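Q: Line by line, the protein sequences give chains W and R.
According to our numbering, the stretch in the first sequence is residues 13 to 245, in order.
According to our numbering, the stretch in the second sequence is residues 6 to 288, in order.
It is possible that part of the hints are untrue.
To be verified - Which chain W residues face chain R? A few, computed with CB under 8 Å, are given here:
1. Ser62
2. Ser84
3. Tyr85
4. Leu94
5. Phe102
6. Gln112
7. Ser114
8. Arg116
9. Gly162
Said to hold, decoys possible - Chain R regions said to be covered by chain W (calculated; three or more residues, Cβ under 8 Å):
10. 166–180
11. 183–192
Stated by the list, open to error - Listed next, with one range per pair, are the computed distances between beta-carbon atoms:
12. Gly136(W) to Phe256(R): 47 to 55 Å
13. Arg222(W) to Leu226(R): 54 to 62 Å
14. Thr282(R) to Tyr29(W): 36 to 44 Å
15. Arg89(R) to Gln141(W): 32 to 40 Å
No lab work stands behind these hints, which were simulated from the structure alone.
None of the values given here were measured: they were computed from a predicted structure.
Beta carbons: idealized from backbone N, C-alpha and C, even for Gly.
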Amino acid sequence: MSVLQVQDLHTYYGNSYVLQGVSLEVEQGTVIAILGRNGVGKTTLIRSISGHTPCRQGHIFFQGKEISHMPSYFIARQGIGLVPQGRRVFPSLTVKETFQISARGATEHGWTEEKVLKVFPRLGERWNQRAGKLSGGEQQMLAIARALLGNPRLLLLDEPTEGLAPLLARDLGSIIQQIKAEGLSIVLVEQNLTFALALADYAYVMSKGRIVHQAPAANILLDAEVKARYLGV
Amino acid sequence: MNFWILQSLNGLSYGMLLFLLAAGLSLSFGLMNIVNLAHGSYFLVGAYVGLTVMERTGNFMAAVVVGAISVGILGLLMQRLLLRRLTDHLAQVLLTIGFLFILGDLSLVIWGGVPQIIPKPPLFEGPIRIMESVFPSYRLLVIGVGIVVAIFLWWLQDRTAMGANVRAAVDDEEMAGSTGINVALLMTVVFGLGAAMAALGGVVGGAFLTIFPGQDMDVLLLALVVVIIGGLGSLKGAFVAALLVGLLDNFGKALFPELALFTIFAPMAIILAIRPTGLFGRA
Ligand SMILES: Nc1ncnc2c1ncn2[C@@H]1O[C@H](COP(=O)(O)OP(=O)(O)OP(=O)(O)O)[C@@H](O)[C@H]1O
Ligand SMILES: [Mg+2]
Chain W
13 MSVLQVQDLH
23 TYYGNSYVLQ
33 GVSLEVEQGT
43 VIAILGRNGV
53 GKTTLIRSIS
63 GHTPCRQGHI
73 FFQGKEISHM
83 PSYFIARQGI
93 GLVPQGRRVF
103 PSLTVKETFQ
113 ISARGATEHG
123 WTEEKVLKVF
133 PRLGERWNQR
143 AGKLSGGEQQ
153 MLAIARALLG
163 NPRLLLLDEP
173 TEGLAPLLAR
183 DLGSIIQQIK
193 AEGLSIVLVE
203 QNLTFALALA
213 DYAYVMSKGR
223 IVHQAPAANI
233 LLDAEVKARY
243 LGV
Chain R
6 MNFWILQSLN
16 GLSYGMLLFL
26 LAAGLSLSFG
36 LMNIVNLAHG
46 SYFLVGAYVG
56 LTVMERTGNF
66 MAAVVVGAIS
76 VGILGLLMQR
86 LLLRRLTDHL
96 AQVLLTIGFL
106 FILGDLSLVI
116 WGGVPQIIPK
126 PPLFEGPIRI
136 MESVFPSYRL
146 LVIGVGIVVA
156 IFLWWLQDRT
166 AMGANVRAAV
176 DDEEMAGSTG
186 INVALLMTVV
196 FGLGAAMAAL
206 GGVVGGAFLT
216 IFPGQDMDVL
226 LLALVVVIIG
236 GLGSLKGAFV
246 AALLVGLLDN
256 FGKALFPELA
266 LFTIFAPMAI
276 ILAIRPTGLF
286 GRA
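Whenever a hint applies, use it, and build me the whole structure from the sequences.
A: Encoded structure:
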């Protein structure tokens with residue numbers, strides 16, 4: 013069963029025509045990677061799904077329900093968590109307050125405060141700090157924690173390794189692995205090819221607002237032509 | 006000596022009214038980017054509703070509660086149905102000036118043009134003796150109410166989940182939405198709260214200032230000055246600036262009556278020249 017179905021999405025910023033017919037599917041419990049160079053429309057795709065920049069044409073089905081023109085808080089409450097590009101934590105809120113306002117719908121086995129703190133013990137140490145005062149790595153953890161606390165079924169991760177030191181990026185990889193093992197489905201946007209393909213089951217390659225290639229992640233790694241043409245490797 | 010203490014009390018109590026009035030104006034402007042020139046009407050209509058309730062029931066508490074709640078609902082409806090759809094400031098100004106006139110005329114029709122005053126609650130009618138001096142006890146009550154409201158608002162903003170939601174929405178509205186916060190609804194509630202506070206100011210003030218047609222514009226002008234001096238969206242700024250303006254206005258009128266509003270606008274110009282975003286405004 014697929015959790016998310018995106019069908020022929022067309023999205024604009026004013027007159028600028030960015031997504032030009034994007035379709036994709038995410039199977040329950042899998043990680044898909046969205047790859048592509050700068051400015052091809054990866055973030056715009058994420059923004060269309062999360063409701064920030066609604067598509068002008070096309071459909072988005074989440075667990076069988078159309079969400080393409082719903083407000084973003086509704087989409088979030090349906091079970092789509094967002095970790096945006098650039099983290100975008102709330103600078104004037106403390107870690108504790110961020111946890112408070114994000115916690116939604118936790119069941120016994122869900123993402124409770126305790127469970128999230130077990131994954132990110134560092135956030136517990138910074139409990140009463142304002143998010144604006146945290147380091148980049150800590151902010152990335154907080155951004156992921158914020159999304160998990162909403163107990164999503166699907167997680168959208170937009171370039172989570174951007175600006176992180178290699179060691180931190182590696183830690184992040186094992187954390188995403190851990191989240192996946194909990195049964196979450198994940199859409200992972202990345203420029204870091206090795207990072208993304210190590211985690212993903214399936215990958216889509218974008219260029220100029222379109223999906224130009226799709227294949228199981230392992231195949232992309234071996235596909236010299238696609239890598240050279242669309243990913244600059 | 007007594008002159009200074011009494012005038013300070015008058016200035017402070019007037020300042021507290023300005024705080025009740027300006028807090029909502031500052032929030033709607035600073036947080037929602039809504040310019041609401043009908044904010045002075047909330048003060049006036051609140052005062053008149055309070056007057057009617059007081060005449061019918063003789064219960065000052067009831068006058069305060071009914072005045073604040075009815076005007077709060079008026080504010081909620083105005084924001085929900087009209088104001089939040091207008092992102093353009095000029096359109097907002099035109100619409101809310103329209104409301105200012107309509108509400109002013111409606112009040113004139115309903116409550117007449119004669120200046121009126123709300124009877125004070127019996128407990129606070131007379132003066133109170135503290136040590137050797139005599140104070141008007143109602144003024145002290147107003148100052149107390151202002152302090153309690155200020156503390157309540159600070160608590161709401163800094164110590165509650167609702168306040169954290171508002172701060173999150175101000176920090177990053179899109180991400181607040183993606184965290185599951187219904188930002189539009191939250192802003193409507195905050196706007197209604199601001200209108201209710203202005204009405205509270207109207208009822209409380211109606212018992213020591215007179216209520217008269219045109220007062221909506223008078224208080225709006227001072228509230229705008231308070232918001233500009235304090236800084237958009239800052240409650241702390243609104244509090245400090247309201248007391249400052251209240252004192253300046255009062256001492257100005259008492260000491261240099263011929264200078265009228267100059268004693269307020271001259272300091273405002275100086276503060277803006279030094280700090281263009283106001284005392285506590287964000288750049
Ligand atoms: N708010 C906006 N208004 C107008 N154009 C925009 C806006 N945001 C992005 N764009 C344009 O849309 C195109 C796609 O941008 P998008 O952010 O989706 O790319 P991306 O693949 O996420 O890039 P990156 O890897 O750099 O994050 C770009 O040409 C960009 O300049
Ligand atoms: Mg991007």
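Q: Would you mind marking each hint as holding or not holding in the structure?
A: Hints and how they fare:
| no. | hint | in the structure |
| --- | --- | --- |
| 1 | Ser62 | holds (5 Å) |
| 2 | Ser84 | holds (4 Å) |
| 3 | Tyr85 | holds (5 Å) |
| 4 | Leu94 | holds (4 Å) |
| 5 | Phe102 | holds (4 Å) |
| 6 | Gln112 | holds (6 Å) |
| 7 | Ser114 | holds (5 Å) |
| 8 | Arg116 | holds (5 Å) |
| 9 | Gly162 | holds (6 Å) |
| 10 | 166–180 | holds (count 10) |
| 11 | 183–192 | holds (count 7) |
| 12 | Gly136(W) to Phe256(R): 47 to 55 Å | holds (53 Å) |
| 13 | Arg222(W) to Leu226(R): 54 to 62 Å | holds (57 Å) |
| 14 | Thr282(R) to Tyr29(W): 36 to 44 Å | holds (39 Å) |
| 15 | Arg89(R) to Gln141(W): 32 to 40 Å | holds (34 Å) |
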